[in-house]
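**Q** Given chain A, put chains B, C and D with the ligands in place with the hints provided.
Protein chains in written order, with the numbering used here: chain A, 1 to 512; chain B, 1 to 512; chain C, 1 to 469; chain D, 1 to 469.
Some hints could be false.
Lysine to aspartate or glutamate pairs mimicking EDC-like chemistry, simulated, CA-CA at most 16 angstroms apart [stated by the list, open to error]: (1) 322/C x 42/B; (2) 206/B x 321/C; (3) 322/D x 203/A; (4) 182/A x 321/D; (5) 30/B x 466/A; (6) 440/C x 42/B.
Worth flagging that the hints you see were computed from the coordinates, not collected in a lab.
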Amino acid sequence: MSAEGTPAGTAPVMTETPQQAERAVTIFEKSVPGRRAAQLPDAGVEATPIEELIPSHLLREAPAELPEVSEPEIVRHYNRLSRRNFDLDTGFYPLGSCTMKYNPRLNERVAALPGNAALHPATDPREAQGALRLMFMLQSSLAEICGLDHVSLQPSAGSQGELAGLLLTRAYHADQGRNPTKVLTPDTAHGTNPASVTMAGYEVVKVATDEDGGVDVEDLKSKIDDDVACLMLTNPNTLGVFDRNIVEIASLVHDSGALLYYDGANLNAIMGQARPGDMGFDIVHVNLHKSFSQPHGGGGPGAGPIAVSDRVEPFLPKPQVVIELTDDGFPVFDLDFDRPRSIGRMRGFQGNFGVFVRSYAYILSLGGDGLAEASRLAVLNANYLKRRLAEGRAGKYLPVAYDRHCMHEFVLSGAPMKRDLGIKTLDLAKRLLDFGFHPPTVYFPLLVDEALMIEPVETEAREELDRFADAIDRILEEAEADPEIARNAPYTTPVRRLDEVGATRRPVIRQR
Amino acid sequence: MSAEGTPAGTAPVMTETPQQAERAVTIFEKSVPGRRAAQLPDAGVEATPIEELIPSHLLREAPAELPEVSEPEIVRHYNRLSRRNFDLDTGFYPLGSCTMKYNPRLNERVAALPGNAALHPATDPREAQGALRLMFMLQSSLAEICGLDHVSLQPSAGSQGELAGLLLTRAYHADQGRNPTKVLTPDTAHGTNPASVTMAGYEVVKVATDEDGGVDVEDLKSKIDDDVACLMLTNPNTLGVFDRNIVEIASLVHDSGALLYYDGANLNAIMGQARPGDMGFDIVHVNLHKSFSQPHGGGGPGAGPIAVSDRVEPFLPKPQVVIELTDDGFPVFDLDFDRPRSIGRMRGFQGNFGVFVRSYAYILSLGGDGLAEASRLAVLNANYLKRRLAEGRAGKYLPVAYDRHCMHEFVLSGAPMKRDLGIKTLDLAKRLLDFGFHPPTVYFPLLVDEALMIEPVETEAREELDRFADAIDRILEEAEADPEIARNAPYTTPVRRLDEVGATRRPVIRQR
Amino acid sequence: MAGYAPITPADQAEMLGAIGVDSIDELFEQIPPEVRLGRPLDLDDGLSETEVFDQLDWLARQNVSTAEVSSFLGAGMYDHYVPAIVDAITSRSEFLTPYTPYQPEVSQGGLQVMFEFQTAMSELTGLPVSNAGLYEGPSAAASAAYLAMGATGRTGLVASRGLHPHSRETLATHAVGFGATLTEVGLEGGLTDGTELEAAITDDTAAVFLQNPNFLGSVEDVAALGEAAKAKGALLIVAVDPMTLGILRPPGECGADIAFGEGQPLGNRLDFGGPSFGFFCADEKYIRKMPGRIAGETTDADGRRGFVLTLQTREQHIRREKATSNICTAQALNALAAMVHLSWLGKRGFVELGELLARRTAFARDRIGGLDGFELLHEAPVVREFAVRSTRVPVDRLLARTNEPVDAGTHAHEAGIQVYPLGRDYPEYEDSFLVAITEKRDPVEIEGLAEDLESTLAELEATAVEGAR
Amino acid sequence: MAGYAPITPADQAEMLGAIGVDSIDELFEQIPPEVRLGRPLDLDDGLSETEVFDQLDWLARQNVSTAEVSSFLGAGMYDHYVPAIVDAITSRSEFLTPYTPYQPEVSQGGLQVMFEFQTAMSELTGLPVSNAGLYEGPSAAASAAYLAMGATGRTGLVASRGLHPHSRETLATHAVGFGATLTEVGLEGGLTDGTELEAAITDDTAAVFLQNPNFLGSVEDVAALGEAAKAKGALLIVAVDPMTLGILRPPGECGADIAFGEGQPLGNRLDFGGPSFGFFCADEKYIRKMPGRIAGETTDADGRRGFVLTLQTREQHIRREKATSNICTAQALNALAAMVHLSWLGKRGFVELGELLARRTAFARDRIGGLDGFELLHEAPVVREFAVRSTRVPVDRLLARTNEPVDAGTHAHEAGIQVYPLGRDYPEYEDSFLVAITEKRDPVEIEGLAEDLESTLAELEATAVEGAR
Ligand SMILES: Cc1ncc(COP(=O)(O)O)c(C=O)c1O
Ligand SMILES: Cc1ncc(COP(=O)(O)O)c(C=O)c1O
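Chain A on its own, in the form it takes in the complex (with noise of 0.2 angstroms):
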């Protein structure tokens, strides 16, 4: 312990925080010879020598080096090693595009329930009625959030929706006996979005954005022909700010005979108030760890369920849940696999089941009025803060890219600060984590140089956005004072800045 003593009522002087002094240590450094958690049952049956069962060149000859720990340890390694960690009970995470709002408890009581935790996906439907219920009844719920009557949950995440929008998309062409090769991402778009794209075998072609700060028509009209399978948007885009073209944008496409991909990330800005498919779009994919309020577990689970128009849906994945009436009119749900123009699968089973049943209990936790409700005050709460770092210090070095009200989140650039500073948009981000708080996205969208993302979501109390703000503020003006203070932060987190140069460089990725 590095603290010196000091006569009491004066404040020692320590150059550690007590989690700093803590160093890491893996359960791998903490095993010893003999120890043990778990106690098995015995077979009960013969104890045959397993050489007897299988032969032994298809056996392991030295087991596995797992770590040898007893219970007790286990507990107490991992309790310390999740205080490690800052999450959301914690404190404001503002990380733009990522929708980190408040986590529900209740959602996760009812996942847990043994019908549905202990549930084994092979059961046979007529003894899982109550999880394709579910299913269907949340399948209907984004089909109309979304306005587009046909729902897949079967993709894992945003991004696995986004593939399976466009391998949809490449079946519908097909379908059509066409066979364009490009799509046309805006230059905003996520990183995923290009990813798929390549995964989904068309070429990436980049869309400019406007001055307003959203898809240059312009530059789209000079791009966009009949070798174009769809265009993929977020709207509101990344920028936090909605495409005020969409109309003549949806038009465009379709008289190209291409789809228009709609990326629901930003989802949580329109809920009740706009529907992705009264703009145009045919293909939606909805983060249900955004805009439904699955935990995100410190990078997953999630699911991205995909809506589409009617003119996909043939092509959709396989299995789909479906309804059918008994002669008494009583309701049976089924897996339906007898698609023959589906595109397949895209994983195994059925989805991420758990996750559908926290999202469906916090659709009717919400209700409908409930969830229009939550875009309201997420715009309401974005524009607040971006209000507020409109003023002062931040207003000065931190300017916002594209000056409008925003939807659900908003984003600064660092240019000013980085220039008449010299602290960059990551010292600044460090700095933050000594004031208690989660920085925002940054670096991200491309074209913002040294970006801030900020998303505050409707969970977040007033004063808890202005405490933000007057965070920036001082560190604004610490900055002015001493940029070192920022260049050097954080000083109070776990570890200090870390060296990712020399990780990549290196890499040492498992224990030796």
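**A** Same frame as chain A, but now just chains B, C and D with the ligands:
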């Protein structure tokens, strides 16, 4: 944030840890008019004005000033608060006489099963067979462990078990037409013993401790007479040593017509090794939150079942769980209220059933051999740590109070440390906090000057004991150089040393 | 290696070596051989986690819980919905696994929770002083009696029969130790008989116990009844159901010196009766006579706000035989659950819930009181529970159960009507039962109860006629 | 105020004032009126927590889960016992609620878990490089194909029919986008047909996919089969069931270039098929071609050990259209569950569990293969799952269910036999089904399955005779 910038690579200078910088704010102070978390179902019946249902002079005028906060704010508030606690899953917690053993999470899982957690206490016994059977089996297990055939699970904790035991003693004597007025307790007894004696209407008479750490038999002889209702013993006692004269003591007590009461707080030392019943005890209380792994919950809940001999059985509290066999030999369990000589109820309903479930799960997990082994390892750990602390500085400044093999815990005296280094046991305890350890029990038992009572329990690893011994040595080494360090400790805890005297002088015990 | 212990045989050998003994047995030699248990305990061997789970799961399925059937059981513990955040917070190891906050510097979480809890209970009861919680309701009655006797130097205890039978029985048990005499006062029309009460109070009466709502569900006029106690210098002690305090006048405004109660309805699951907690609030002048833990606000060496256990000179570990109570380990985690639930309900939700209970109860009381074969036991105003008399068949037949043990899965069908028969506690009301309402019992379920009562009565009368033939 | 939002009407008014607009609607004016939804969403209104719980509890009770019946379903996901500490740890908000560790200084918990997980999977598979997890097993197959095509510049994919049907279907779906051609190789005696395999591999074969144990439960001789792939310079990609790796030779020692699999058996509940996770391990030379997140060790500014997301130049947020994969949000929490479960099993427990599975499976296979009316589909060695042929009645009749919806409480009785019919995936094995074993299925339950099969067969044949009369 009180960190000064410094060139990267060199540590910053901090005057406060991040947690210290975060000042205490209550949930009431976070209240904002109009905020809320709960949405209630609507009544679904006529909204009659309450005054029409209940006369208005019986109604409340102003609502209670409960906080107005949203659910995300509540979760953050209590999550952040929780991190201001040191807990057993964070580190070593050798609190003497409290048996801070690992709390298996399996036990929490089974206690939470709806059949247990949602079972109403007034459920017809024929519809609570599982619960009654569990209680019956726990009773039988405790009877076997204590060596006394009859068990009541009713008492809510050890101290209520003591009071129940003393009321049983009274009933027993009254039944014999006797009315003794005194209860003997050794000067090493825990505070609850004398307190319970008074509440049972008896007068406390102290018995001295001999140089071996046991009851001073001569002093006992001089005090025991037919006005003594019982002798309360803890064995091993709070010095951690087993009373070698237990057999003689028991006969002295019984010959005088008194009963022998066993304070089971230290049962973790002798499970499967020796049984209070076999030592001649008539009444035993067991702390399920100590030897039987019920989590301590920051100060409860616990349970203090009592086991008694045949002659005391008729007076046990009611109701009692009983078994009957149906004609076809099928066991049926019931609650027996028809116990004319019973002392009656100690509390509401059937006791802390949720605690019974956890402790029964623990007993099933370990089994008879496992319980015996747990005690053996608890004694091994205690003697090992005692040995480590007999070396070097600790040996010099913190001599063991009674130097013989200990059982599951041992007591050191900080008197030489205070004399030679000028730091008190309290200072040592506070400095241990900076090293990430919970201190032992301090200043108890009372007859040891500057006492430190150390109980390492069987679920701690040897390395942990070594780290603790090393920390003690480091602290003494520091103190040799500069006693101020310990005197002003702790430095790194969420708050530093607190003014307890001021708190008592002007008590502020609620939000104003 | 067993019992979650990390000590390997190799560890053991080295540790024994360090200690300087050859075996662990050697350490046990201090126990005289004649009292050593020379055999293994007669208990089954230890089981794997999955086997233990299965056994306890099987047992749990033998119970008919409120998760399986629509239950109108109350009598002091109520089937309220416990919000999910309560489990999420109380299951955090930082709250679950530490012990009493003897070291305040590393226990600020638990101590601040106590301080917040004390504030909330003080707000609910309208009394300035609250402790951090006791075991449960009935034993809190005994603690109150002990305080009153100490404060008045008197030995008489007078209790209304409206006080929970478990509280009265617990008082009686403790009275033997306290050297107190307990007198009961009867009920009239569902309410404490004022004249009988006045007559029962003497110059040696230390305390008068009332309950509001009383055990029959009736709202008592505590202020009026309390005057008799005041007149004779006895303490007025009132047991309250916390969930009714959103709408009922708090005891502190009715002249109560002490208010206590069963805390279960606040964020605690039923757990077949425990663990829950008891709350205990009193007038300022009793602050140094309170039982149990109390957290107080203070500052640290650097002037930071902090919390500590305070007024500890009341307690057993300091005062020993002179302590105001023998309580040590209490129910801290249960009090936390209550605090989270109360924060979740909040200032408005807490009142709304009280109103919801009163309105649904009025509906249920009309519906069930109106069935033929049934009538109300009394007409006194109620909040969340009421008493019904069965006029044509004995209650035990109405609530008869098969003696078959409950079978997992199917018990829903075998389960009887879930109401509380009054006979055991009140022979005088042998023909009556209590019906309790919570926000989980909606009008449809209430209708279901009415129909179950009707149909069961019909069946019984049918078979009776059969029998007569 | 709705949706857990803390914003009061008063807050709104002030915030709108600050923004300088009169209403929230004004902020939405940027959405062209013609695409505004001029009506409320056609969804029910929001419900209270207790009502939502009741609805979902009711739905959950319509399912026949492994908590209700003894299930021998497997086919890639298995009913293992998940120790309680897994839930205790994964439910901690510090693990549950953050996102991908973009800010390593405040994400050391999650990053170190990834590093530990990578180590564990590398140990299990015997391959040096592991990522931090993918979505689930089958889509990991697609990721492997994508890597192989990039690494070899070839377009052919060859897969044994022993590979999980979902993996083959997922490969086929993705192949369209990848521009790959997929060839299947049949099984012979429960094992991949070596000659057919060799014939199927060409100079354009990018990868050969095997599964071990294969979908029929058979242990393949991966090393032997793999040689054909090596010979033609194709990558050998092996799908494995992690729970068998305690006893089976790891793919890394059988010449596999890539090993992947479904992670559910490790600490993840069944959840009707997800969320779980996929694991993905490879040879050193593919480290910069891996899909998904990878955590690496490094040091901080003061020299402290720390962990970061590394080799990010592979990923979509940097490389965009040139990324090695499009994956972003993955299954971090599920990988944590696996790591906790593996730590709990430990070095020895993990082997013991593999042995337990092999022995109980041998017992079950003898017992059920020996019933008349049933025979083993193949004699190949197995670990934890085996295939049985029904020789006298069609499998669909054997497993027939009533079409009645499941009724809460009573479904235990209606439930059919819980084994996996092979017909849909393997028309050639239409007469067969799979039986899977875990440590939760003890010999008594296995005996129960044997009896159910016998009695059901008997009933069917009896009714058949009836029908014939
Ligand atoms: C705009 C946008 N599109 C797509 C994605 C990808 O979604 P996922 O991470 O669920 O694959 C994200 C989120 O990371 C996103 O912000
Ligand atoms: C020796 C001893 N006796 C009695 C008690 C009282 O037990 P409880 O706290 O359960 O009332 C304790 C524990 O605090 C103790 O250590």
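**Q** All hints are to be evaluated individually against the structure, with a verdict given for each.
**A** Taking the hints in turn, this is what the structure says about them:
1. 322/C x 42/B: Status violated; Cα separation ~52 angstroms.
2. 206/B x 321/C: holds (11 angstroms)
3. 322/D x 203/A: holds (11 angstroms)
4. 182/A x 321/D: Roughly 12 angstroms separates the two Cα atoms, so the pair holds.
5. 30/B x 466/A: Distance of about 15 angstroms is within 16 angstroms: holds.
6. 440/C x 42/B: holds (11 angstroms)
Going through the hint list in order, the structure does not satisfy hint 1, though it satisfies all others.
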